[in-house]
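Take the sequence shown: its position 68, counted from the start at 1, is 71 in this note's numbering, and no numbers get skipped.
Here are the simulated lysine to aspartate or glutamate pairs, DMTMM-like style, with alpha carbons at most 25 Å apart:
1. K34 with D72
2. K34 with E161
3. K50 with D136
4. K50 with E28
5. K140 with E208
6. K50 with E208
7. K34 with E92
8. K34 with E65
9. K50 with E92
10. K50 with E65
11. K178 with E229
12. K140 with E92
13. K140 with D94
14. K50 with D72
15. K140 with E65
16. K34 with D157
17. K50 with D94
18. K140 with D72
FYI, nobody ran anything at the bench for these hints, they're computed from the structure.
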Amino acid sequence: MRWDENMKNRSKEDTFPIWRLFFIEASRNSKLIDGIGFFHAVMPFLKAKKNGGNLRGVVDGEAAVRNLDYFNCNPMLAPFVIARIGTLENDIAGRIGRRTDKRSASESSSKSPDSANRSGEGGAIEGAQLGSDYFAKLARYKNSLSSSLTSVGDYFFEIVLVPLSMTLGTILALKGLYVGVVIFLALYNFYHFRLRIGSFNLGLEGSGGSGRNVLQRLVPEHRFLEGLLAFTVGVFSAIVFVRGYNAGRGRFVIVGLITVALVLLLRKKLSFTFTIILLFLALSTYLVV
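Generate the whole structure from the sequences, applying the supplied hints.
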C-alpha cells in the first residue's frame, strides 16, 4: 500500500508533507546526529488518528521522548525507517488502546462503580506496561534497521554512485565535452530522489526486510552499476596515464612509482580521503615541476 492509498482516510490538514524527507540532516548535531530531523519527519504519524477516530492534534510527551533520540542512518534510506517506525507506533498505540478499553469495559459491566474505577485504573496500568515492552522492542528494531541501511546506503552512494558519476563526468570533460557536469548531476539526483521517496513507500508497504533487501528492491541494477564503475575507472586511469606519459615520459614514471610506494606504505594510517589528496598533490607536483 503506497502513501496516497494508505492516507486516503486522513484529513487534508493531516496529510504527510513529503518534503520533510529532504530535511532529515538539516538539524544535524554531535549529540543526536539526525535525531531532530527524524522526529520532525515522523511527527505526522504520531498525530495520526487513534482507533476511535479522535485526532491527536499534538504529539504526546511519551511519543516525543521515544522519537526525539539519537538517530544515525544513511539519509537516502532513512525514509524507510521513518515509515516503518511511524506505522508501527500507530499500530502499537491502537493495539494497546483496544486491549485496555476491552478489559475496562468487561470488568466494569460486572462490578460496582468503585470496583469499575479500580479495574479501569488497572487496565490503564496494564496497558502502560504492555506499551513499555512493545516500544522497547521497537527502539531495538529502529537501531538495528538504521545500522543495516547505513551500511548498504553508504556503500552504494559513496563507493559506487558518486565515484561513477564523477568519473563519467571527468572522462567527458577530458574529451572537451562539458555535458559531463550535467550527466553527473542527473545520474546522482535520479537515484537520490528514487531512494528517498521509494524507500518511504516501501516502508509504508511493510516490505523490504533487511538493508540489502531494501537496496535490491529499490535499485535492482546496483550490481551492473558496480561493474560499470570498474570499467569507467579503468578507462579514466588509461587516459590519465597515457596523457601523463606522453607529457613527461621518464619523469612521469618516477613520480608515479614514488606515489604508489607512499600509498602502499601509509595505507594503514591514511584514510581514503587523505589517499586521494596525496594522489592529487603528486599529480600537481608532476604537472608544475
